[in-house]
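*Asks:* Under our numbering, think of the first position of the sequence shown as 51, with each following residue one higher.
Because the hints were derived from the structure by calculation, they are not lab data.
Think of the CB as a built atom: it goes at the ideal place given N, C-alpha and C, for glycine as much as any other residue.
A couple of the hints might just be wrong.
Think about it this way: if two alpha-carbon atoms lie no more than 30 Å apart in a straight line, the pair counts; the simulated DSBU-like pairs of lysine-lysine are [what the hints assert, rightly or not]:
#1 K158 <-> K100
#2 K108 <-> K79
#3 K158 <-> K108
#4 K79 <-> K100
#5 K79 <-> K158
Computed spacing ranges between beta-carbons, pair by pair [unchecked claim]:
#6 T133 <-> Q162: 15 to 23 Å
#7 G80 <-> E149: 27 to 35 Å
#8 G164 <-> V88: 26 to 34 Å
#9 T114 <-> F167: 15 to 23 Å
#10 N75 <-> D118: 16 to 24 Å
#11 G164 <-> E90: 30 to 38 Å
#12 G80 <-> D174: 30 to 38 Å
#13 T76 <-> D174: 28 to 36 Å
#14 G85 <-> N106: 15 to 23 Å
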Amino acid sequence: MFGSKSNNSPMANKNLATTPSASINTLVKGTVVEGTVVSENDIRIDGTIKGTLNCNAKVIIGPTGYIDGQVRCTNAVIEGRFTGTLQVAELLSVRETAEISGEIATGKLVVQSGAVFNVSCAMDSSGMVRNMNMTNTAKPNASVPQNAGEKAKQAVG
Numbered sequence: 051m052f053g054s055k056s057n058n059s060p061m062a063n064k065n066l067a068t069t070p071s072a073s074i075n076t077l078v079k080g081t082v083v084e085g086t087v088v089s090e091n092d093i094r095i096d097g098t099i100k101g102t103l104n105c106n107a108k109v110i111i112g113p114t115g116y117i118d119g120q121v122r123c124t125n126a127v128i129e130g131r132f133t134g135t136l137q138v139a140e141l142l143s144v145r146e147t148a149e150i151s152g153e154i155a156t157g158k159l160v161v162q163s164g165a166v167f168n169v170s171c172a173m174d175s176s177g178m179v180r181n182m183n184m185t186n187t188a189k190p191n192a193s194v195p196q197n198a199g200e201k202a203k204q205a206v207g
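Please put together the full structure from these sequences, using the hints given.
*Replies:* Shown next as structure tokens:
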């Protein structure tokens with residue numbers, strides 16, 4: 051009873067290691083990260099990221115989550131807020147509580163009724179986005195035509 055040093059219980063013999071695909075990173079509400087975040091596994095954002103997120107798996111922006119910047123990922127589910135440039139290689143799912151503005155490139159897109167979706171969106175006919183130039187995220191002012199300055203010069207001169 052007390053002298054036995056071997057542990058034959060079923061839990062003692064189980065391998066408790068988790069596989070990388072079963073891991074999920076979480077940024078909790080109230081946490082703010084500024085800079086670059088890189089993740090090989092799924093990541094859930096309930097806090098705030100201001101910067102760049104590169105993820106080789108799924109990005110989930112929870113209802114309290116907010117990202118302002120650039121995101122590259124395989125799949126994404128957005129329930130919170132996103133502003134910036136988003137590249138999703140496969141499926142982007144925008145839930146009814148989401149508020150999104152910026153530029154999006156995705157293979158497939160699902161937008162639920164009630165979502166605020168103010169974006170320019172590019173989709174690949176194969177359902178897979180390979181690459182997107184994310185260096186220039188500035189957009190021209192939508193209320194002023196790009197050639198308005200030239201037309202004004204011609205009218206005056």
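*Asks:* Identify every previously stated hint that the structure contradicts and give their numbers, smallest first.
*Replies:* Number 7 only.
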